[in-house]
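**Student:** One-letter residues, chain by chain:
Protein chains: 2
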Amino acid sequence: MTDNTAQPDTPLSTAMAQVNPFRVMAVMQRAAELEAQGKKIVHMEVGEPDFVTADPIITAAKLALDAGQTSYTQAPGIPALREAIARHYQLRNNVEIDPQRILVTPGASAGLMLLAHLLVSPGAGILMADPAYPCVRNFVHLVHGIPQLLPVSAQSNFQPTLDQVAANCKASTSGLWLASPSNPTGTIVDREELHKFSAFTAERGLHLLVDEIYHGLHYVDELASIVEVTDKAFLVNSFSKYFGMTGWRLGWIVVPANYIDKARVLAQNLYISAPTIAQHAAIAALDEATRPELERRREAFRQRRDYLQTALQELGFTLPPSVDGAFYIYAGIEHFSDNAEDFCAQMLNEHGVAITPGTDFGDYRAQQFVRFAFTTSMDNLELGIARLKKALA
Amino acid sequence: MTDNTAQPDTPLSTAMAQVNPFRVMAVMQRAAELEAQGKKIVHMEVGEPDFVTADPIITAAKLALDAGQTSYTQAPGIPALREAIARHYQLRNNVEIDPQRILVTPGASAGLMLLAHLLVSPGAGILMADPAYPCVRNFVHLVHGIPQLLPVSAQSNFQPTLDQVAANCKASTSGLWLASPSNPTGTIVDREELHKFSAFTAERGLHLLVDEIYHGLHYVDELASIVEVTDKAFLVNSFSKYFGMTGWRLGWIVVPANYIDKARVLAQNLYISAPTIAQHAAIAALDEATRPELERRREAFRQRRDYLQTALQELGFTLPPSVDGAFYIYAGIEHFSDNAEDFCAQMLNEHGVAITPGTDFGDYRAQQFVRFAFTTSMDNLELGIARLKKALA
Numbered sequence: 001m002t003d004n005t006a007q008p009d010t011p012l013s014t015a016m017a018q019v020n021p022f023r024v025m026a027v028m029q030r031a032a033e034l035e036a037q038g039k040k041i042v043h044m045e046v047g048e049p050d051f052v053t054a055d056p057i058i059t060a061a062k063l064a065l066d067a068g069q070t071s072y073t074q075a076p077g078i079p080a081l082r083e084a085i086a087r088h089y090q091l092r093n094n095v096e097i098d099p100q101r102i103l104v105t106p107g108a109s110a111g112l113m114l115l116a117h118l119l120v121s122p123g124a125g126i127l128m129a130d131p132a133y134p135c136v137r138n139f140v141h142l143v144h145g146i147p148q149l150l151p152v153s154a155q156s157n158f159q160p161t162l163d164q165v166a167a168n169c170k171a172s173t174s175g176l177w178l179a180s181p182s183n184p185t186g187t188i189v190d191r192e193e194l195h196k197f198s199a200f201t202a203e204r205g206l207h208l209l210v211d212e213i214y215h216g217l218h219y220v221d222e223l224a225s226i227v228e229v230t231d232k233a234f235l236v237n238s239f240s241k242y243f244g245m246t247g248w249r250l251g252w253i254v255v256p257a258n259y260i261d262k263a264r265v266l267a268q269n270l271y272i273s274a275p276t277i278a279q280h281a282a283i284a285a286l287d288e289a290t291r292p293e294l295e296r297r298r299e300a301f302r303q304r305r306d307y308l309q310t311a312l313q314e315l316g317f318t319l320p321p322s323v324d325g326a327f328y329i330y331a332g333i334e335h336f337s338d339n340a341e342d343f344c345a346q347m348l349n350e351h352g353v354a355i356t357p358g359t360d361f362g363d364y365r366a367q368q369f370v371r372f373a374f375t376t377s378m379d380n381l382e383l384g385i386a387r388l389k390k391a392l393a
Numbered sequence: 001m002t003d004n005t006a007q008p009d010t011p012l013s014t015a016m017a018q019v020n021p022f023r024v025m026a027v028m029q030r031a032a033e034l035e036a037q038g039k040k041i042v043h044m045e046v047g048e049p050d051f052v053t054a055d056p057i058i059t060a061a062k063l064a065l066d067a068g069q070t071s072y073t074q075a076p077g078i079p080a081l082r083e084a085i086a087r088h089y090q091l092r093n094n095v096e097i098d099p100q101r102i103l104v105t106p107g108a109s110a111g112l113m114l115l116a117h118l119l120v121s122p123g124a125g126i127l128m129a130d131p132a133y134p135c136v137r138n139f140v141h142l143v144h145g146i147p148q149l150l151p152v153s154a155q156s157n158f159q160p161t162l163d164q165v166a167a168n169c170k171a172s173t174s175g176l177w178l179a180s181p182s183n184p185t186g187t188i189v190d191r192e193e194l195h196k197f198s199a200f201t202a203e204r205g206l207h208l209l210v211d212e213i214y215h216g217l218h219y220v221d222e223l224a225s226i227v228e229v230t231d232k233a234f235l236v237n238s239f240s241k242y243f244g245m246t247g248w249r250l251g252w253i254v255v256p257a258n259y260i261d262k263a264r265v266l267a268q269n270l271y272i273s274a275p276t277i278a279q280h281a282a283i284a285a286l287d288e289a290t291r292p293e294l295e296r297r298r299e300a301f302r303q304r305r306d307y308l309q310t311a312l313q314e315l316g317f318t319l320p321p322s323v324d325g326a327f328y329i330y331a332g333i334e335h336f337s338d339n340a341e342d343f344c345a346q347m348l349n350e351h352g353v354a355i356t357p358g359t360d361f362g363d364y365r366a367q368q369f370v371r372f373a374f375t376t377s378m379d380n381l382e383l384g385i386a387r388l389k390k391a392l393a
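Just so you know, the sequences run in chain order A and B. The opening residue of the first sequence carries number 1 in the numbering used here; numbering runs sequentially from there. The opening residue of the second sequence carries number 1 in the numbering used here; numbering runs sequentially from there.
In case anyone wonders, no lab produced these hints; they're calculated from the structure. Since the structure is predicted, the reported quantities are computational estimates derived from the model, not experimental observations. Mixed in with the good hints there might be a few duds.
Pairs involving identical chains hold if they fit within one copy or between any two copies, as the list cannot separate such chains.
[As the list claims (entries may be wrong)] With a straight-line cut-off of 16 Å between C-alpha atoms, the simulated EDC-like cross-links for lysine to aspartate or glutamate are:
hint	residue 1	residue 2
1	Lys262	Asp9
2	Lys262	Glu203
3	Lys232	Asp9
4	Lys232	Glu96
5	Lys40	Asp379
6	Lys196	Asp231
7	Lys39	Asp50
8	Lys389	Glu350
9	Lys390	Glu314
10	Lys39	Glu350
Chain A extracted, bound-state conformation (with noise of 0.2 Å):
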């Protein structure tokens, strides 16, 4: 029997001391132990879409597997791929990106941690929302920056502030990292205030990264990259989501024409190159005749997100003022406990519903905020509803 419990022999890096396991995960394993029992169990605390990868990419994968692609490539991903991303931003944000800017990554963790380490020195302060992706703020602390955290809440729908970036900038500060459309939050950041942040950070000095990794997956008419307003910025996207290629592990990076060839060197150290066959099917990802199914998916996204927003209101749920992108809704529960942990336990062993606790993702009020996924079927998410309704009646 492995004991895994047993201290290790030898010392853990000081930076594991900040890295702590999701509390998700906690939830997505005792959910699975109820099932073993026979147990249905509604899942909304899921960070992926619940549909396979579109057929046309799976169509490109295989030809790809025929035609003998396993080889590594270049660093910075094939420039087929690079250049079908830079006609992306032509297409849907018209603007110009030379593809020389773009480098394709195993995932966007791997695009997130490429830039930690290009950009961030120890004792660096990186300026984020609390709350927000976790991992964000592991990488800041596996490179010895430090998260500067900016509480953030309905006020200012769930995004910071130029006021309070502005009044959290100290002279270690090196960046402002932002997430539009926001996980856990479903906000976005609008072209205004992309503005703001761009000037604020070119005037001081300091790295501007834009998570847009929900990207495609918005319920607003139109939503903005940070490369239509700045050349400056590093930007994080992904196949993931609204590609729906998660297990692919496919994603890229936007760096200014002045970072790209440190950028590669790091590319090349880090991960060698990002998954062949994906990043030919990736093409296929982003040809105009995969695009309707893509946008039927949206559609349903955004049907679930209607529906799920509207029950949870009416359920007592605190809900942002709007939720305008990714498949989360981040709702306040002060109205049924002080402990999101507790609340999502008792969710889910008594009443079969798994959602993820808001401590997962910061330390802002966490306890009072639970994060629900739409990634599942509308017959789910009606019976999450049914289950939730009968648990706070």
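Following the hints, position chain B against chain A.
**Tutor:** Showing chain B alone in chain A's frame:
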């Protein structure tokens, strides 16, 4: 026109000062330019098998695509693959490994980087051979550790000795990282030496990490894995080399039982999970039915090694006492030049032979060595030798 020569606007991380581009990249780029001019280049610089991934692996990937295996997996990898890796150690090394101790990684690069984050604190020294795979040095720099380079030469078959390790072990030293077979030298660490290193690191409270990325591609009857010697060491392996799956980006690590939980937390953060299709395909790579083809490929590498070893010695290159693994020969050029970079440039530009200067791999006498990779056909190797013979006559 993108100007990527301008200075960054905001500071790079302090780690970036230590991380340099690989010279082999310039060699490969120059080779491509010459080929674009219609010149025939003999590629002996490439660190990648020249075989397309074997058919049974391709077939397994297609089956996984048909089955819609496109979601994230568990962070440590799918259980069936971890069990197959455990069986591999049982069959090949006659040792039982709990699959819990195995984490599937998106390439050995990600495995090495995970272990760097797990084990290396700022200022901590990591003992490693000079020359070695350059990324290893860079990974230590990226977490602000200090590579403590151990100069190795033909005298110790280009591997560190216990005396050397003991003499260089300081209070700040936290680990010893070995590679067997080694890139760039092709030399191995035998079982007796592994036992000595294991005992020494246990006694001194150092962690022991062994890069076994080229295991399987060895030309001795038996090559010991560190897991046969101790269950307290960290092992890194890859599906890229022996299994011929470079572009799939898949590897694995084995960690001591009391580090499993922390390693999994890092996996969740750093990459969520390894590529799913590749994981399913890799089960076929470990299947006994695939082994004959992989062994045929190993035999082809052995024949090339035999030929190249003899031919290079006849030309006046100085070779290690025994080239027992990987697909590299680290050859001394002291009879021809005292500047490996100039020598490589000359061989490429004037004679159409691409090889890598020793300066990619370390500091110690690096200008007196070049690395030959036998990742090209016998016909090409013979052409390369004929050209070198003419060049050096």
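**Student:** Each hint should be assessed against the structure and marked as holding or not.
**Tutor:** The hints, checked one at a time:
no.: 1; hint: Lys262 <-> Asp9; verdict: between (36 Å within a copy, 13 Å between copies)
no.: 2; hint: Lys262 <-> Glu203; verdict: neither (23 Å within a copy, 40 Å between copies)
no.: 3; hint: Lys232 <-> Asp9; verdict: between (45 Å within a copy, 8 Å between copies)
no.: 4; hint: Lys232 <-> Glu96; verdict: within (14 Å within a copy, 53 Å between copies)
no.: 5; hint: Lys40 <-> Asp379; verdict: within (13 Å within a copy, 63 Å between copies)
no.: 6; hint: Lys196 <-> Asp231; verdict: within (14 Å within a copy, 55 Å between copies)
no.: 7; hint: Lys39 <-> Asp50; verdict: neither (20 Å within a copy, 51 Å between copies)
no.: 8; hint: Lys389 <-> Glu350; verdict: within (13 Å within a copy, 79 Å between copies)
no.: 9; hint: Lys390 <-> Glu314; verdict: within (13 Å within a copy, 85 Å between copies)
no.: 10; hint: Lys39 <-> Glu350; verdict: within (11 Å within a copy, 72 Å between copies)
Checked against the numbered hints above, the structure violates hints 2, 7; every other hint is satisfied.
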